[in-house]
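Visitor: Chain by chain, the residues run as shown.
Protein chains: 2
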Amino acid sequence: MFSPLIKELIESLRCLPGVGPKSAQKMALYLLEREHKGADRLAGALREALDKVGRCSGCRTLTEETECSICADPERDATRLCIVETPADVLAIESAGTFDGRYFVLLGHLSPIDGIGPEELGLDHLDNVVLHNQVEEAIIATNSTVEGEATCHYIAEQLKSKNINVSRIAHGVPMGGELEYVDGNTLALALEGRKTL
Amino acid sequence: MFSPLIKELIESLRCLPGVGPKSAQKMALYLLEREHKGADRLAGALREALDKVGRCSGCRTLTEETECSICADPERDATRLCIVETPADVLAIESAGTFDGRYFVLLGHLSPIDGIGPEELGLDHLDNVVLHNQVEEAIIATNSTVEGEATCHYIAEQLKSKNINVSRIAHGVPMGGELEYVDGNTLALALEGRKTL
Ligand SMILES: [Zn+2]
Ligand SMILES: [Zn+2]
Numbered sequence: 001m002f003s004p005l006i007k008e009l010i011e012s013l014r015c016l017p018g019v020g021p022k023s024a025q026k027m028a029l030y031l032l033e034r035e036h037k038g039a040d041r042l043a044g045a046l047r048e049a050l051d052k053v054g055r056c057s058g059c060r061t062l063t064e065e066t067e068c069s070i071c072a073d074p075e076r077d078a079t080r081l082c083i084v085e086t087p088a089d090v091l092a093i094e095s096a097g098t099f100d101g102r103y104f105v106l107l108g109h110l111s112p113i114d115g116i117g118p119e120e121l122g123l124d125h126l127d128n129v130v131l132h133n134q135v136e137e138a139i140i141a142t143n144s145t146v147e148g149e150a151t152c153h154y155i156a157e158q159l160k161s162k163n164i165n166v167s168r169i170a171h172g173v174p175m176g177g178e179l180e181y182v183d184g185n186t187l188a189l190a191l192e193g194r195k196t197l
Numbered sequence: 001m002f003s004p005l006i007k008e009l010i011e012s013l014r015c016l017p018g019v020g021p022k023s024a025q026k027m028a029l030y031l032l033e034r035e036h037k038g039a040d041r042l043a044g045a046l047r048e049a050l051d052k053v054g055r056c057s058g059c060r061t062l063t064e065e066t067e068c069s070i071c072a073d074p075e076r077d078a079t080r081l082c083i084v085e086t087p088a089d090v091l092a093i094e095s096a097g098t099f100d101g102r103y104f105v106l107l108g109h110l111s112p113i114d115g116i117g118p119e120e121l122g123l124d125h126l127d128n129v130v131l132h133n134q135v136e137e138a139i140i141a142t143n144s145t146v147e148g149e150a151t152c153h154y155i156a157e158q159l160k161s162k163n164i165n166v167s168r169i170a171h172g173v174p175m176g177g178e179l180e181y182v183d184g185n186t187l188a189l190a191l192e193g194r195k196t197l
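Chains A and B, in that order, are what the protein sequence lines are. Numbering follows the UniProt record's numbering, with no gaps: position 157 of the first sequence is 157. Numbering follows the UniProt record's numbering, with no gaps: position 70 of the second sequence is 70.
Treat each hint with caution, since some may be false.
Under the rule of at most 20 Å between Cα atoms (straight-line distance), these lysine to any residue pairs were calculated in the SDA-like manner [unchecked claim]:
#1 A:K7 <-> B:E94
#2 A:K7 <-> B:P17
#3 B:K160 <-> B:N133
#4 A:K7 <-> A:G20
#5 A:K26 <-> A:D40
#6 A:K37 <-> B:T66
#7 B:K37 <-> A:E11
#8 B:K37 <-> A:D114
#9 B:K22 <-> B:E8
#10 A:K26 <-> B:R14
#11 B:K52 <-> A:P4
#12 A:K7 <-> B:E67
#13 A:K26 <-> B:E178
#14 B:K37 <-> A:E48
#15 A:K22 <-> B:G184
#16 B:K7 <-> A:G54
#17 B:K37 <-> A:P21
#18 B:K26 <-> A:R55
#19 A:K22 <-> B:K160
#20 B:K7 <-> B:P17
#21 B:K26 <-> B:G38
#22 A:K52 <-> A:R41
#23 A:K52 <-> B:E8
#24 A:K7 <-> B:S161
#25 A:K22 <-> B:P17
#26 A:K37 <-> B:G18
#27 B:K160 <-> B:G184
#28 A:K52 <-> B:G38
#29 A:K26 <-> B:G108
#30 B:K7 <-> A:I93
#31 A:K7 <-> B:K7
#32 A:K37 <-> B:E48
#33 B:K7 <-> A:T66
#34 A:K52 <-> B:K7
Simulated from the structure, these hints should not be mistaken for lab results.
Chain A extracted, bound-state conformation (with noise of 0.2 Å):
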């Protein structure tokens, strides 16, 4: 029905995650029957980000600057690191705001099935960075799944054993949730991290 370039459209809009075909097909027309410049902005910074952004040479998140703004920032405290798998992950940390130290962003976990292995973490980059900058303290802060935990345990043995302070950030019930909606794996560590008032 519709011609090649429009259906190439519609399939290449399906890389975009959660997007079907139906809304793919809704986009691509919408883009080209009202939206020629919002679609060409699109193209422009599709390209430029593939062409220009990479890892910062401090914490290896995402940027096209050699430094990100968190690792150019002199007033972060350089001696604490706080090691996640994605930069989505920092910004969670960062709407906190109560860390004061640095990031290291892996960028993914352990996962030998998809040929994830330490190297393409960036764990020996992570320890000239624990090195370099004399880390004291390392929070992980990977994610509560298999691969996450498997991750949080390997980067542990590797900088305990340069006896740097390592923990895990806790889990537990989250702040303003009922305790009927969490489920048990959570709440059976909830228990085991309680702290006496």
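Given the coordinates of chain A, assemble chain B with the ligands onto it according to the supplied hints.
Guide: Quick look at chain B with the ligands alone, frame taken from chain A:
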């Protein structure tokens, strides 16, 4: 938090319908973290579609070809014309499988506030098509919205003055509903029950 190029990518993704700030961020990071190939394909598809997709010389639907596949099909009855708002509406009516004529795609509806008048909808071109193809019957299938009804009325007057048998798609289509979301059976009934205007 994010570097300028990543911010720009997030912003530019928001031109897509249904994409808010949170999903734009998710999309941008997803593409940069692990979908370079898809992002590259999308950038290319956008650029190419913007450069080359124009209007069908027959029905004015979106296509990069001179004539769309329906206008180029000699089996279709050129004396019967179905007038719709968008390319998605053509797809919807084709899925009903009962209409063997051709289409005329307005790419919109009359909307004086947005500066969309008869000229923007190609109604002068509609006159040419009607003359050139000796159209005998026109079925107006604009949306069942206030604007769609007003557009229908305007076009009906224009065509009736040319002694064409003009009908409106039957209101099996839910009032206020958008044509592209209506199922094929309902559309088949709506076509069958069309009323002379
Ligand atoms: Zn950095
Ligand atoms: Zn056509």
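Visitor: Please go over all the hints and tell whether each is borne out by the structure.
Guide: Hints, verified against the model:
no. : hint              : in the structure
1   : A:K7 <-> B:E94    : holds (17 Å)
2   : A:K7 <-> B:P17    : holds (18 Å)
3   : B:K160 <-> B:N133 : holds (16 Å)
4   : A:K7 <-> A:G20    : holds (14 Å)
5   : A:K26 <-> A:D40   : holds (17 Å)
6   : A:K37 <-> B:T66   : violated (24 Å)
7   : B:K37 <-> A:E11   : holds (13 Å)
8   : B:K37 <-> A:D114  : holds (17 Å)
9   : B:K22 <-> B:E8    : holds (14 Å)
10  : A:K26 <-> B:R14   : holds (14 Å)
11  : B:K52 <-> A:P4    : holds (11 Å)
12  : A:K7 <-> B:E67    : holds (16 Å)
13  : A:K26 <-> B:E178  : holds (12 Å)
14  : B:K37 <-> A:E48   : holds (14 Å)
15  : A:K22 <-> B:G184  : holds (15 Å)
16  : B:K7 <-> A:G54    : holds (14 Å)
17  : B:K37 <-> A:P21   : holds (19 Å)
18  : B:K26 <-> A:R55   : holds (18 Å)
19  : A:K22 <-> B:K160  : violated (36 Å)
20  : B:K7 <-> B:P17    : holds (19 Å)
21  : B:K26 <-> B:G38   : holds (15 Å)
22  : A:K52 <-> A:R41   : holds (16 Å)
23  : A:K52 <-> B:E8    : holds (13 Å)
24  : A:K7 <-> B:S161   : violated (39 Å)
25  : A:K22 <-> B:P17   : holds (12 Å)
26  : A:K37 <-> B:G18   : holds (17 Å)
27  : B:K160 <-> B:G184 : violated (28 Å)
28  : A:K52 <-> B:G38   : holds (16 Å)
29  : A:K26 <-> B:G108  : holds (15 Å)
30  : B:K7 <-> A:I93    : holds (18 Å)
31  : A:K7 <-> B:K7     : violated (29 Å)
32  : A:K37 <-> B:E48   : holds (14 Å)
33  : B:K7 <-> A:T66    : holds (16 Å)
34  : A:K52 <-> B:K7    : holds (13 Å)
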